[in-house]
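A.B. asks: Please build the complex by placing chain B on the supplied structure of chain A, with the hints as guidance.
So you can see what is in the structure, the chains are spelled out below.
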Amino acid sequence: MTSETKTAGESADYEAAADSSPQAVASFDEHHHGLGHKIQHTLHQTPSLVPLIVLVLSIIAFGIMLGSKFFSPFALTLILQQVQIVGIVAAAQSIVILTAGIDLSVGAIMVLSSVVMGQFTFRYGLPVEVAVACGLLCGTICGYINGFLVAVVKLPPFIVTLGMWQIVLATNFLYSANETIRSQDIANTAPLLQLFGNKVNIGGAIFTYGVIFLVLLVLVLAYALRQTAWGRHVYAVGDDPEAAQLSGVQVKKVLISVYMLSGLICAFAGWAMIGRIGSVSPTSGQLANIESITAVVIGGISLFGGRGSILGSLFGALIVGVFTLGLRLLGADAQWTYLLIGLLIIAAVAVDQWIRKVSV
Amino acid sequence: MEPVLQARSLVKRYGRVVAMDHADLELYPGEILAVIGDNGAGKSTLIKALSGAVIPDEGDILLDGKTVNFTSPIQARDAGIETVYQTLAMSPALSIADNMFMGRELRKPGIMGAWLRQLDRKKMEEIARQKLSELGLLTIQNINQAVETLSGGQRQGVAVARAATFGSKVVIMDEPTAALGVKESRRVLDLIMDVRARGLPIVLISHNMPHVFEVADRIHIHRLGRRACVIRPSDFSMSDAVAIMTGAMDPPEDLAA
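Residue numbers (this note's numbering), protein chains in the order written: chain A, 1 to 360; chain B, 1 to 257.
Okay, chain A solo, but in the shape it has when bound (with noise of 0.2 Å):
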């Protein structure tokens, strides 16, 4: 039963081919020829470098063209003043979609937990600070119901904070009442709730919290996606949720963390829209989700997962206050901002789709 083999010869016959030819298949050299090629690395390790051009870029033309009208303090820190809301929900909506989600609740998430501070503070008479914590908690849970959807009940994202944005939104109009609660109210019982709003003035420079808690909130964020486990967990995820599961990536917990980090992002948007618009306002920030994705998706964020950076969503929501005020102050018509942000948005896939081309 038993027969001499060949094996050896077999095998040696089957790759004689092979033993003659260069044995250099794992030398990871890298042989980049042409500009073509080094700028699309170069992109491919830094995404956020094409906002960012694109935002110096349009600074410099506005700054030609409107003079020192544009180009002053003021004027600039006013864009700042300008998209810190968008900023902040546009942080929270980037680290969904880098785990190749999407979040369109983020607005009606804001909403309700602004709404929560305020009604718990007028309505039920709590200190301020307690009224605050349970509207932070509202949009921790609101995230995690989300998170929950998505990762353990496995719904589509998309599917999930659709529905969620219905029902929260109409939840914020029942429990409100669709009642606004005044500003002068708010800053005679409760000033903590316009925090937010107060301002910092460096030489013409107007700062608002709200603006520095948006710095601050994407540096940290930055640093915990760039630095941390947890970070390259997120990346892994929205990269490949199977490969990532099977090198020890707990994926469910990955997953509702980012929609609590989201919710909870959300909330602070919303306690920065009281000091914002100074009063608590149910009708509000209606446009955050699409703003906020346009920003990301302008900042380089691939909406397929797992590229981009955190930075780069904070340069897209600047473009695009960048252009607005610049055309508002040009006289131009409004409508030419939503065109050219239209033209940004599809000009940003377009490079996601060029840098992912991976013959890099």
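These are calculated hints, taken from the structure and not from any lab test.
The beta-carbon is built from N, C-alpha and C at its ideal position, and this holds for glycine as well.
Incorrect hints may have been included.
Stated by the list, open to error - Residues from chain A shown here face chain B by an in silico Cβ test under 8 Å; the list is partial:
{"no.": "1", "residue": "His44"}
{"no.": "2", "residue": "Gly125"}
{"no.": "3", "residue": "Glu129"}
{"no.": "4", "residue": "Leu174"}
{"no.": "5", "residue": "Asn178"}
{"no.": "6", "residue": "Val200"}
{"no.": "7", "residue": "Gly203"}
{"no.": "8", "residue": "Gln227"}
{"no.": "9", "residue": "Thr228"}
{"no.": "10", "residue": "Ala229"}
{"no.": "11", "residue": "Ala243"}
{"no.": "12", "residue": "Ala244"}
{"no.": "13", "residue": "Phe304"}
{"no.": "14", "residue": "Arg307"}
C.D. replies: Chain B in isolation, oriented as in the chain A frame:
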């Protein structure tokens, strides 16, 4: 000699389909045990049971003589069993170093690590570079290169290096040469033998008979959900192995399980 890893009479049913029908397996220290079998023979279920991805309905798995009950791949990994999956389980957009340490990142000592949870990138990169060069993947220049920029063979190399770095007891490799060309397969086979030379026993699942006969010390032939027999590649020809695998030939009496 006591087996490092042993499966005793494992049973796994999916509805009315019996994927494992009292399957056995023994892996001895320092050997390469190839597992071959026709499609649907149940070898991947067996391997998944060993790596914790499938929980068997009946039977025992023993690691170093002690019964283990894995409910997830993470537990098997913590016990010292590393698996190189056919899909490689890597995140393409992340770097070689990131991928090697995915799920077991090192944190910096002191306040930065304990409080701010900062990763010790330098140390991870250093270890990754050292491990890759130990395995002859020496010419890596940029350990921070994204994995998607590597060729198939290079990716396989990184995956094997990851398993060899962290596997303390057993390395399981699922079809490591299936997606590779002849030349790249050659490198990966050398790599597999390097890993064995470092004392780690390997379970190798493969369809490629020449590869199996070249590197394996023993060949476990799986058929109809159970072990048909274990042969030594020096005693049988490839066509005999295929004949046993497909049922065209009865397994030798003295070797039958």
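A.B. asks: Now look at each hint and say whether the structure bears it out.
C.D. replies: Status of the hints after comparison with the structure:
no.: 1; hint: His44; in the structure: holds (7 Å)
no.: 2; hint: Gly125; in the structure: violated (38 Å)
no.: 3; hint: Glu129; in the structure: violated (25 Å)
no.: 4; hint: Leu174; in the structure: violated (41 Å)
no.: 5; hint: Asn178; in the structure: violated (44 Å)
no.: 6; hint: Val200; in the structure: violated (26 Å)
no.: 7; hint: Gly203; in the structure: violated (33 Å)
no.: 8; hint: Gln227; in the structure: holds (5 Å)
no.: 9; hint: Thr228; in the structure: holds (5 Å)
no.: 10; hint: Ala229; in the structure: holds (4 Å)
no.: 11; hint: Ala243; in the structure: holds (4 Å)
no.: 12; hint: Ala244; in the structure: holds (6 Å)
no.: 13; hint: Phe304; in the structure: violated (10 Å)
no.: 14; hint: Arg307; in the structure: holds (5 Å)
Hint violations for this structure: numbers 2, 3, 4, 5, 6, 7 and 13, all remaining hints satisfied.
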